[in-house]
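With the sequences and hints as input, model every part of the structure.
Protein chains: 2
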Amino acid sequence: MRVFNFSAGPAMLPQEVLEQAASEMLDYHGTGESVMEMSHRSPEFKAIIEQTEQDFRDLLDVPDNYRVLFMQGGGTQQFACVPLNLMKNHVADYILTGNWSKKAAAEAEKYGKVNIIASSADRNFTYIPDCSDLPVDDDADYVYICENNTIYGTKYHTLPDTKGKPLVADVSSCFMSEKHDVRKYGVLWGGVQKNVGPAGLAIVTIRSDLIREDLDPKVPTIMNYHTTAEKNSLYNTPPCYTIYMCGLVFQWLKRMGGLDEMHRRNEAKAKLLYDYLDQSRIFHPTAEKDSRSLMNVTFVTDSKEMDAKFVKEAADEGMINLKGHRSVGGVRASIYNAMPEEGVRKLVEFMDRFEKANR
Amino acid sequence: MRVFNFSAGPAMLPQEVLEQAASEMLDYHGTGESVMEMSHRSPEFKAIIEQTEQDFRDLLDVPDNYRVLFMQGGGTQQFACVPLNLMKNHVADYILTGNWSKKAAAEAEKYGKVNIIASSADRNFTYIPDCSDLPVDDDADYVYICENNTIYGTKYHTLPDTKGKPLVADVSSCFMSEKHDVRKYGVLWGGVQKNVGPAGLAIVTIRSDLIREDLDPKVPTIMNYHTTAEKNSLYNTPPCYTIYMCGLVFQWLKRMGGLDEMHRRNEAKAKLLYDYLDQSRIFHPTAEKDSRSLMNVTFVTDSKEMDAKFVKEAADEGMINLKGHRSVGGVRASIYNAMPEEGVRKLVEFMDRFEKANR
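Listed in order, the protein sequences are those of chains A and B.
Okay, so the first sequence: first residue is 1 according to this note's numbering, each after it adds one.
Okay, so the second sequence: first residue is 1 according to this note's numbering, each after it adds one.
Mixed in with the good hints there might be a few duds.
Which copy? The list can't say, so a pair holds if one copy fits it or any two copies do.
[What the hints assert, rightly or not] Keeping only pairs whose Cα atoms sit at most 20 Å apart, straight-line, the calculated PhoX-like set for lysine-lysine is: (1) Lys218 / Lys102; (2) Lys113 / Lys218; (3) Lys88 / Lys218; (4) Lys103 / Lys231; (5) Lys312 / Lys356; (6) Lys312 / Lys46; (7) Lys113 / Lys163; (8) Lys110 / Lys218; (9) Lys179 / Lys254.
If you are wondering where the hints come from, they were derived from the structure by calculation, not from laboratory data.
Quick caveat, the model's predicted, so the values are computed rather than measured.
Following this line, the structure appears as structure tokens:
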């Protein structure tokens with residue numbers, strides 16, 4: 001029996017995508033090979049990576065003056081790639097809204113001056129700060145945000161006014177949960193392991209004029225956006241199977257009606273959960289109302305013991321990975337694209353039963 | 001129908017491993033999840049990564065004073081990781097035996113002085129140079145080799161005398177084709193996409209005393225061996241599914257009788273092909289006899305047209321990816337662990353028929 005998996009990432013994938021992958025495992029489209037076994041220089045794989053990029057572009061309406069790069073290493077790699085590729089003046093502005101923006105800023109400090117121009121650390125990252133009039137540094141090469149904060153359950157509902165500087169956003173935990181307006185970003189990158197595919201890939205969408213040839217020669221080749229772009233993400237062997245899996249998810253997203261439709265569904269799922277939380281007497285949502293994430297819904301009970309009891313009993317009913325991140329505790333329900341509304345309804349029903357039994 | 005896939009990498013995987021992966025795709029061991037969907041912090045995935053490391057250690061008899069690191073990025077990443085982590089004096093000695101050692105040396109030059117202490121460039125990398133008395137630099141932090149040269153079909157049959165310096169070897173294309181004597185290496189690393197699993201992972205086996213804490217702070221965190229070791233390869237989200245696939249291959253290797261038995265089989269397969277080549281009048285092996293690879297068998301006919309005809313007709317008979325690397329041309333049969341003897345026999349039979357029809 002399949003469970004409802006509320007993991008923050010790696011996370012649930014659409015069942016029909018997994019079924020398709022299983023059915024093609026030994027023989028992809030009559031080639032007699034698994035996609036895992038294909039040479040990355042073969043016409044078959046070339047067709048896969050090109051179709052995957054095209055479907056991604058279609059879904060997000062990526063403008064022609066943006067490149068789409070498939071890179072290994074996930075977030076930790078991009079935390080270094082961003083300053084190594086974009087810092088020209090060696091100054092960048094970061095907004096802190098949780099662990100991942102903090103880690104990104106710390107990595108960037110290795111390579112230049114980092115200004116923290118806004119932060120929600122004062123109230124334990126439970127909100128997104130006002131970014132309408134930021135002290136953007138004249139020399140800043142970019143302004144960096146983590147758009148959805150997996151751990152704290154918050155999301156930017158309005159993008160910062162960067163005063164003309166390129167906006168760089170880590171969208172890992174809201175990646176393709178809605179139709180990001182790519183034109184508003186200089187770089188929009190996401191690790192795929194939350195909402196798009198299996199772990200081991202980041203997709204970097206970057207405005208072409210930000211791709212520089214004149215990098216410090218000490219930048220490792222694998223982190224060089226220009227080399228990656230020039231070779232269409234095939235400078236070295238890419239994680240072929242992971243790219244294929246993302247491609248299957250993109251095709252599924254198209255069949256589901258595209259990203260506006262996914263956004264509608266995600267709003268409906270999140271509303272079910274937040275509406276329940278807002279009237280509950282034992283569960284308390286932790287993110288401030290106007291900063292709530294549609295993807296990661298965080299809440300606590302009045303005690304750690306009750307949190308743990310809830311997480312355990314939910315798991316016994318086939319709803320797993322509801323424990324909050326080790327750095328904050330409590331409960332977290334991650335309800336990405338692949339989580340059906342049925343899973344959220346089942347969770348809310350269980351919360352209601354749990355509340356009646358435990359209040 | 002499954003084909004015999006002679007690709008140099010990504011390459012053939014054992015059919016029963018693919019069957020197992022397909023059967024577990026929607027529900028791994030009754031968890032109700034795919035391994036792709038598992039949190040990398042879950043007990044289920046922890047058990048997978050720990051078992052994978054243990055099986056790897058068992059197969060290679062890895063001594064206790066070596067760490068095994070699972071890292072993303074493959075060879076291109078390791079070309080930078082090696083100098084960034086091991087250069088203390090900022091001097092290293094490289095031996096050039098083909099494209100991959102050249103690329104590794106070029107990347108290392110970004111970070112220090114690189115001495116080329118031996119090379120087989122003079123005869124187009126068709127042999128392994130004598131490494132019994134090398135001009136090893138007193139200040140060299142390590143001596144670097146690419147042990148099996150996928151493109152040129154050569155392999156070191158005797159490891160270099162490094163005069164006490166740590167030997168660093170890229171074993172990607174002979175990884176686990178035999179029982180490497182780990183004690184002879186400071187670092188033995190391989191990208192898994194040739195002989196071990198799907199693309200997107202490198203396994204680094206490193207003597208613990210070579211893991212340094214005092215790295216240049218500019219080393220990207222994702223490239224830091226110390227951080228990776230300290231966090232047991234879970235500092236960030238690893239490519240979980242790729243690790244799981246490698247684990248299935250390791251279990252298959254154990255069932256097959258381990259690496260000494262694989263070595264015996266690989267020698268038998270290579271002998272079939274080389275014996276045929278040595279008596280053929282139209283096919284000419286390109287690597288010198290005492291430097292031949294067991295994994296990548298390279299040969300040419302008397303013309304590019306005949307090479308292409310051979311590759312095409314073999315593909316029509318279900319033997320694919322026999323074309324030589326784009327940088328050298330000709331024909332290359334990669335016969336990794338997963339290639340059954342039946343595939344090599346079928347290839348030799350076809351070569352014999354082709355020779356009779358075309359000489």
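A quick look at each hint next to the structure:
1. Proximity of Lys218 and Lys102 under a CA criterion of 20 Å is satisfied inter-copy only: 17 Å between copies versus 24 Å inside one chain copy.
2. For the identical chains of this complex, Lys113 and Lys218 are neighbours both inside a copy (18 Å) and across copies (13 Å), given an alpha-carbon limit of 20 Å.
3. For the homomeric pair Lys88 and Lys218, the shortest alpha-carbon distances inside one copy (14 Å) and between copies (16 Å) are both at most 20 Å.
4. Taking identical chains as interchangeable, the C-alpha atoms of Lys103 and Lys231 lie at most 20 Å apart only when they sit on different chains, with a minimum of 16 Å there against 29 Å within one chain.
5. Taking the closest pair of Cα atoms, Lys312 and Lys356 come within 20 Å of each other only inside a single copy of the chain (17 Å); across copies the shortest separation is 71 Å, beyond that limit.
6. Proximity of Lys312 and Lys46 under a CA criterion of 20 Å is satisfied inter-copy only: 19 Å between copies versus 45 Å inside one chain copy.
7. In the homo-oligomer, the alpha carbons of Lys113 and Lys163 lie at most 20 Å apart inside one protomer (19 Å), although the nearest pairing across protomers, at 44 Å, exceeds that limit.
8. In this assembly of identical chains, Lys110 and Lys218 lie within 20 Å of each other by CA distance both inside one copy and across copies; the values are 13 Å within and 5 Å between.
9. In the homo-oligomer, the alpha carbons of Lys179 and Lys254 lie at most 20 Å apart inside one protomer (12 Å), although the nearest pairing across protomers, at 48 Å, exceeds that limit.
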